[in-house]
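Spelled out from the first residue to the last, the chains are:
There are 2 protein chains.
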Amino acid sequence: MDQLIKQHILKYFKNQGSAEVSLAALDDAAVIDDTVFSTDSHTVQPLVFPGGDLGSLAVCGTVNDIAVMGATPRGLSAGFILEEGLSMDLFETIVKSMGKTAQKAGVPIITGDTKVVEKGAIQQCMVNTSGIGRRSKALERNIREVKRYRRFPQRWLLDSNLHAGDVLLCSGNIGEHGIALLSFREGYGFDTKIKSDIAPVNKLMEQLLVEGGVVSAKDPTRGGLANTVNEFSEKSHVGIMLYEDAIPIPDGVRAACGMLGIDPFEIGNEGKIVLGVVNEKADDVLRVLRRHPLSRHAAIIGEATKDIHGVVMKTSVGGRRIIHKPLGDPVPRIC
Amino acid sequence: MDQLIKQHILKYFKNQGSAEVSLAALDDAAVIDDTVFSTDSHTVQPLVFPGGDLGSLAVCGTVNDIAVMGATPRGLSAGFILEEGLSMDLFETIVKSMGKTAQKAGVPIITGDTKVVEKGAIQQCMVNTSGIGRRSKALERNIREVKRYRRFPQRWLLDSNLHAGDVLLCSGNIGEHGIALLSFREGYGFDTKIKSDIAPVNKLMEQLLVEGGVVSAKDPTRGGLANTVNEFSEKSHVGIMLYEDAIPIPDGVRAACGMLGIDPFEIGNEGKIVLGVVNEKADDVLRVLRRHPLSRHAAIIGEATKDIHGVVMKTSVGGRRIIHKPLGDPVPRIC
Chain A
7 MDQLIKQHIL KYFKNQGSAE VSLAALDDAA VIDDTVFSTD SHTVQPLVFP GGDLGSLAVC
67 GTVNDIAVMG ATPRGLSAGF ILEEGLSMDL FETIVKSMGK TAQKAGVPII TGDTKVVEKG
127 AIQQCMVNTS GIGRRSKALE RNIREVKRYR RFPQRWLLDS NLHAGDVLLC SGNIGEHGIA
187 LLSFREGYGF DTKIKSDIAP VNKLMEQLLV EGGVVSAKDP TRGGLANTVN EFSEKSHVGI
247 MLYEDAIPIP DGVRAACGML GIDPFEIGNE GKIVLGVVNE KADDVLRVLR RHPLSRHAAI
307 IGEATKDIHG VVMKTSVGGR RIIHKPLGDP VPRIC
Chain B
7 MDQLIKQHIL KYFKNQGSAE VSLAALDDAA VIDDTVFSTD SHTVQPLVFP GGDLGSLAVC
67 GTVNDIAVMG ATPRGLSAGF ILEEGLSMDL FETIVKSMGK TAQKAGVPII TGDTKVVEKG
127 AIQQCMVNTS GIGRRSKALE RNIREVKRYR RFPQRWLLDS NLHAGDVLLC SGNIGEHGIA
187 LLSFREGYGF DTKIKSDIAP VNKLMEQLLV EGGVVSAKDP TRGGLANTVN EFSEKSHVGI
247 MLYEDAIPIP DGVRAACGML GIDPFEIGNE GKIVLGVVNE KADDVLRVLR RHPLSRHAAI
307 IGEATKDIHG VVMKTSVGGR RIIHKPLGDP VPRIC
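Protein chains in written order, with our numbering: chain A, 7 to 341; chain B, 7 to 341.
Extracted from the complex, chain A is given alone in its bound form (with noise of 0.2 Å):
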C-alpha cells in the first residue's frame, strides 16, 4: 500500500499548491487556509458486525482523522456507491447509523452523493465520507502549555512533532476491531464478547488539548498500533521505545491472535488515540484520559528516544524486538 501510493499516486499529485500540511506528508488531514480536510473510503464488509457497521465506521473514520490533527470537526460529507437491488432495510440501517453516529460526535453531514451501479458493479454499498475542521479555543490552549517546555511548538498535531523525551501514550485496549470483525465474519467464533471499539474521539480529544502538553496524535486504524508508531519514528527522525506489558490488550484479542498467528499491534482500531506528550505532562494528560469513557484503559506505552533507530519494544519476558512497519493487512476489508 505504502508503495502504490508513493510510486503511483504521489508523483503525479506533486508541486500542485500550498498547502500548509499536503498530501505528501500522508499525515491523517490536510490543512489549507486553516482548514483540516480528510477524506476516506469504506468498503467494509459485511456491512454490520459486532459493535457497530458500515455507517458508524464512516462517521468516525472521517471524524477521528480530523480530531487527531487537534482540529475541531465542523461537517461532513457522505458519497453512496449502491447497487442494484440492495435491500433497502439494510441502506437505512446505515444511513440511520450514520445520522446517529454524526450526532453524538456532534458533527454534522452536510453535503452528499449517490450513485447507484448496476447488480455486480459493486458489492452491496460502500461510502466515502470526507470532512472539514477548524482551529479550536482548545488547540490554541494546548499549544500555550506545550510551550512552556518546547520552544517552537506547532500549530497542528503532526506526526512529524515528537522529540526525544516526549512520552507515548495509548487511549486504551487495542486489536478489539479487527477481531470482532475477522471473529464474526469468518465464522472463528472465539469470543463472542470482543465487539469494535468504533467510537468518535473528537470530544476526548478536546479534554486532552484542554489539559495541554500533547504534540502528536494518530488514530491506529489500518496497520494497527505497529504502523502507527513506525509513522511517528519516520517522520519525526526519532527512536521509539515501547514497553510491551503496558500495551492493553484484552485477554480475547490475545487469545484470538494467538491462535491465527495475527499481531496485535498489527490489527486496526477505529475509537483509540495514540498520543505523543511532552514528559512533564504525561501523568496529567494520562489523569484526564482515565476519567473518560472512552479511555478508562490509558496507559503510557513508550518514549521518544534518540538511542534507538526505528522502533523497539521491550518484550514481557525481558528481551528486545524490532516493531517493523506491517507489510500487508494481516485482516482486509475491515474499514
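The reader is advised that the hints may include incorrect statements.
No copy labels: a pair is met if it fits in one copy or bridges any two.
[Stated by the list, open to error] Subject to a maximum C-alpha distance of 25 Å in a straight line, what follows is the list of computed DSS-like cross-link-like pairs (lysine-lysine):
#1 Lys-153 / Lys-143
#2 Lys-102 / Lys-209
#3 Lys-106 / Lys-199
#4 Lys-17 / Lys-241
#5 Lys-209 / Lys-20
#6 Lys-102 / Lys-17
#7 Lys-153 / Lys-241
#8 Lys-106 / Lys-12
#9 Lys-17 / Lys-110
#10 Lys-12 / Lys-125
#11 Lys-331 / Lys-312
#12 Lys-106 / Lys-20
#13 Lys-20 / Lys-102
The hints are simulated quantities; they were obtained by calculation from the structure and are not laboratory data. Model, not experiment: these values are computed from the prediction.
Based on these hints, arrange chain B on the given structure of chain A.
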C-alpha cells in the same frame, strides 16, 4: 433518485447543525464557516472515453460544484477504491489525468485515501473527490454589482436566488458528455467526432463574477439542462420559460438523440454552466462568456417569470412544452 435521497437519506441526517447552506438545500455544495464543501463519487464506465477519463471527470466534477456556488476551489481529496488485479497502467493513466486536470484548474489534490478490495467486489476502479472552496474577491465584486439592481443579494450563487425577470444563460453546447460516452460504450458510432465536454469551469466562473450580476449558477450534470432549470424553478419558486431555438445543441448530439429517442435536455454535461443573471447584466455576462474558449457558443436561453408555473419551453415550431424533471437516467454510469 430524488425519492431515494429524500425518503431514505435526508430524514436521518436532519437537524444536525447550523451550516449556512446545509444538506437539505440539495444545492451543488454545502457552506459552513464560509467554507464551501462538496463531494462526488465517480463510477463512470469505461474508465477512458472520448474527451476524458475517470480522472479528469472526478476532478472537474468537484471543482465545478464548488465554482458554481461562487467560491474559489482551494483543495481536493481523492478517495480511490481499486479492484485487486487492476492494471497499474490503466490506474496510472487515471491518476496522471487527475494530476494534470487539477493543475490545469489550479486546484491541488491535498489529501487522499486508497482501498484495495478483492476481485469482483468493485468493477475496476471508482473514485470519490471532495473539495473545499472559499469566498473570493470576484464573488464580493459580483455581489456589489447585483446590489445595484437587487435590494438583498444572497452571499452565494444558490439555486434558490432567481427572481422573476432574471435571464437564463447557458455557457455552450449541451449533450456532448452523455452522447460521447453512450456512443463509445455501446458502439453506436453515430459520429465519432463527439467528445465529452469535460472541463474545469472555475476560471471561467471567476471572470463572470468579476463582470458581475450573476445570482444563480449550476453545472448541468446528471439530468442535464432539464434537471438544472427545474431545480432553479422549484427552489426559487418562480416559473422558467426556455426558448428551444436558442439552446445550443450540436448537430451530432441532435442526430444521436433523435435516433435513440433520448431528450438532449436530459443528458449530462461536465463542462457547462447554466446561469441566472439580473436582466440588466445579461448582455455583459454573455459577452464575457463568448470571449472565453470554454463558452464560445454561450447563449441566452430563457428567463424567470411569474407568468407560468414550473418550466415551459417555447418550441421551434411555435408551440409550448412542459419540461419535467427527468425521472430516470437516460444514460447510466456517465459520471
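Hint check:
no., hint, in the structure
1, Lys-153 / Lys-143, "within (15 Å within a copy, 36 Å between copies)"
2, Lys-102 / Lys-209, "within (21 Å within a copy, 39 Å between copies)"
3, Lys-106 / Lys-199, "within (23 Å within a copy, 50 Å between copies)"
4, Lys-17 / Lys-241, "within (19 Å within a copy, 43 Å between copies)"
5, Lys-209 / Lys-20, "between (34 Å within a copy, 21 Å between copies)"
6, Lys-102 / Lys-17, "between (39 Å within a copy, 9 Å between copies)"
7, Lys-153 / Lys-241, "within (21 Å within a copy, 51 Å between copies)"
8, Lys-106 / Lys-12, "between (36 Å within a copy, 17 Å between copies)"
9, Lys-17 / Lys-110, "between (39 Å within a copy, 16 Å between copies)"
10, Lys-12 / Lys-125, "between (33 Å within a copy, 23 Å between copies)"
11, Lys-331 / Lys-312, "within (19 Å within a copy, 66 Å between copies)"
12, Lys-106 / Lys-20, "between (38 Å within a copy, 10 Å between copies)"
13, Lys-20 / Lys-102, "between (39 Å within a copy, 11 Å between copies)"
When the structure is compared with the earlier hints, no violation turns up for any of them.
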